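Here is how the chains run, residue by residue.
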Amino acid sequence: MQIYLPIAEISQNFLLLLGIGGAVGFLSGMFGVGGGFLLTPILIFIGVPPPVAVATQANQVVGSSVSGVLAHWSKDNVDFKMGFVLVAGGFIGSTVGVLVSSILNRVGQLDLVIQLAYVILLTTIGAMMLVESLRTFLRMRRRAGAPRKLHQHIWIHGLPLKMRFRRSRLYISAILPLGLGFAIGVLSAIMGIGGAFLMVPAMIYLLGMPTRIVVGTSLFQTIFVTANVTFLQAVQNQTVDVVLAFLLLIGGVIGAQVGGRVGGKIPAEQLRVLLAVLVLLLGVRLSYDLVATPVDLYSVVPTASGR
Amino acid sequence: MNRLWRLLLIFSVVGALLACLGRPAYAQGALEADSSPYLVKVSAGFTGTDFLVFGAKEGPGDVIVVIRGPNIDFSVRRKQRVFGIWANTDKVSFGDVPSFYAVASSRQPLDDLLPAAERSQQGIGLDRLALATVKDEREEDIDAFRAALVRLKQEAGLFGQGVGRVEFRGSRLFRTTVHLPSNVPTGKYLAEVLVVHEGDIIKRQVHLEVDKSGVGAFVFQSAHDYAPAYGLAAIAGALLLGWIAHLVFRKL
Numbered sequence: 000m001q002i003y004l005p006i007a008e009i010s011q012n013f014l015l016l017l018g019i020g021g022a023v024g025f026l027s028g029m030f031g032v033g034g035g036f037l038l039t040p041i042l043i044f045i046g047v048p049p050p051v052a053v054a055t056q057a058n059q060v061v062g063s064s065v066s067g068v069l070a071h072w073s074k075d076n077v078d079f080k081m082g083f084v085l086v087a088g089g090f091i092g093s094t095v096g097v098l099v100s101s102i103l104n105r106v107g108q109l110d111l112v113i114q115l116a117y118v119i120l121l122t123t124i125g126a127m128m129l130v131e132s133l134r135t136f137l138r139m140r141r142r143a144g145a146p147r148k149l150h151q152h153i154w155i156h157g158l159p160l161k162m163r164f165r166r167s168r169l170y171i172s173a174i175l176p177l178g179l180g181f182a183i184g185v186l187s188a189i190m191g192i193g194g195a196f197l198m199v200p201a202m203i204y205l206l207g208m209p210t211r212i213v214v215g216t217s218l219f220q221t222i223f224v225t226a227n228v229t230f231l232q233a234v235q236n237q238t239v240d241v242v243l244a245f246l247l248l249i250g251g252v253i254g255a256q257v258g259g260r261v262g263g264k265i266p267a268e269q270l271r272v273l274l275a276v277l278v279l280l281l282g283v284r285l286s287y288d289l290v291a292t293p294v295d296l297y298s299v300v301p302t303a304s305g306r
Numbered sequence: 000m001n002r003l004w005r006l007l008l009i010f011s012v013v014g015a016l017l018a019c020l021g022r023p024a025y026a027q028g029a030l031e032a033d034s035s036p037y038l039v040k041v042s043a044g045f046t047g048t049d050f051l052v053f054g055a056k057e058g059p060g061d062v063i064v065v066i067r068g069p070n071i072d073f074s075v076r077r078k079q080r081v082f083g084i085w086a087n088t089d090k091v092s093f094g095d096v097p098s099f100y101a102v103a104s105s106r107q108p109l110d111d112l113l114p115a116a117e118r119s120q121q122g123i124g125l126d127r128l129a130l131a132t133v134k135d136e137r138e139e140d141i142d143a144f145r146a147a148l149v150r151l152k153q154e155a156g157l158f159g160q161g162v163g164r165v166e167f168r169g170s171r172l173f174r175t176t177v178h179l180p181s182n183v184p185t186g187k188y189l190a191e192v193l194v195v196h197e198g199d200i201i202k203r204q205v206h207l208e209v210d211k212s213g214v215g216a217f218v219f220q221s222a223h224d225y226a227p228a229y230g231l232a233a234i235a236g237a238l239l240l241g242w243i244a245h246l247v248f249r250k251l
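Chains as they are written, first to last, in numbering that gives the first Met the number 0: chain A, 0 to 306; chain B, 0 to 251.
Worth flagging that the hints you see were computed from the coordinates, not collected in a lab.
Treat the numbers as computed from the prediction; the structure is a model and nothing was measured.
Just so you know, even glycine gets a beta-carbon here, dropped at the ideal spot from N, CA and C.
You may find that some hints are simply not true.
Selected chain B positions facing chain A (Cβ under 8 Å, derived; list incomplete) [stated by the list, open to error]: (1) Ile84; (2) Trp85; (3) Lys90; (4) Leu151; (5) Phe167; (6) Leu207; (7) His223.
Here are the in silico distance ranges between beta carbons for each label pair [to be verified]: (8) Leu115(A) to Trp242(B): 57 to 63 Å; (9) Asp140(B) to Pro293(A): 15 to 21 Å; (10) Pro36(B) to Pro200(A): 38 to 44 Å; (11) Leu15(A) to Pro114(B): 48 to 54 Å; (12) Asp142(B) to Val261(A): 33 to 39 Å.
Taking the hints into account, I'd like the entire structure generated from these sequences.
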């Protein structure tokens, strides 16, 4: 059953789109990864123009983050004060990011930059996940080391504008979460991802937040940043395809629930290795597209209607 | 442009009236043409469609039909290897290119009917279509870019491959079928019908329209005409779906 996507301007199979949303949602529910970094390359692969894939993906992440945050909120695992500081940085970052992608689009380099960003991201993440999962897979349970200090004191903790975050039990410079939010915001705008896979480790190791409230807080900031990206992309570039976004979202939330339940029941070490390999392959495939001689050296884009 | 069309339409109507007013049957100007459908709707399940240009003529002569979509500016980009990676490096912009173009004729090749100069002037045939650059951006190999534009538009099904066939039913009635693919650009189309006899040309114009309809049209229109509201609606919709999902799955 074909459905016409009015902004992407292609016809695609309705069930295929639901299925893609569901499969990525399943993986994200199972492994606790956001899934945006998988979804955008797949969308590009089935013929959605990269700028539309990125902007639409941001719209989809708004919805999938909401159901995630609500679940964490009910367990009181969200630090709202920290969240708002991250959001402030994220707003500026994503605004800058949308402007940058607008400029890149005008000079004809947006597709390339999106592709490059994904190649770097997928190969790095894939390699890291593979090493990490192989290590846990091979190593027998080892006793945990001596209790670690809450966090290491390095130069970044000497920055001014100190702020107290009660929920996170932290007294740190507001510049840190602002800067972190900014960086994730830029990535979010250019790549259409929530950025949790970078945000979560940064919150734990850089800010020193307790692990329990990290995921909820990260999701909380993701809603606002991706909402901002959606709005700005819609206004600046008209690249948000709501028909595509909602189809992916419906598939995605169902897939995430199923994935979450399945993931809780089976030992996921082997599957983690599989996911890592999948991510790596996707990265390699995209890198190949960058270096292989393209089928056609020329491309045509409409620039203006000249009535 | 519109005014010119209207003027031409008035001229053709007057011409047709004059033709009816007792002039000999073989007189020049005795040509009528129309299309079916005159409004093509691109809906959610649109997979392309055919439409028919037909008409009747008096007297001898061959028939050429030229169909053009609304004019658009196009940029053609060319990739080059930069540090091992293929990146867009060169760009040439072409102005006022018909977004859809097809030609059909009752006799082929077109050169047998009209001299090249006449075809260039009227833009009849892909090889005689004026594709002018917006600015004189670069001198060398513009032709390569022009050829790429035509080739890519052909691959997209938006420029006709070769010259289509105009068929006669008897000596007066003629018809030709034109295929519009699923990615057809929307807007006002113009079909020009020419009767050519020994270098003389009689011309009629038929207007038709391709329009998105249904949900797709609504979404596209809102995204372009009410971008801020569209953006907010997209966010609100996603929030609502996420919330509904939370409610549904909390119970399960």
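Tested hints:
no., hint, verdict
1, Ile84, "holds (5 Å)"
2, Trp85, "holds (5 Å)"
3, Lys90, "holds (6 Å)"
4, Leu151, "holds (5 Å)"
5, Phe167, "violated (36 Å)"
6, Leu207, "violated (17 Å)"
7, His223, "holds (6 Å)"
8, Leu115(A) to Trp242(B): 57 to 63 Å, "violated (36 Å)"
9, Asp140(B) to Pro293(A): 15 to 21 Å, "holds (18 Å)"
10, Pro36(B) to Pro200(A): 38 to 44 Å, "violated (59 Å)"
11, Leu15(A) to Pro114(B): 48 to 54 Å, "holds (52 Å)"
12, Asp142(B) to Val261(A): 33 to 39 Å, "violated (59 Å)"
When held up to the earlier numbered hints, the structure conflicts with 5, 6, 8, 10 and 12 and fits the remainder.
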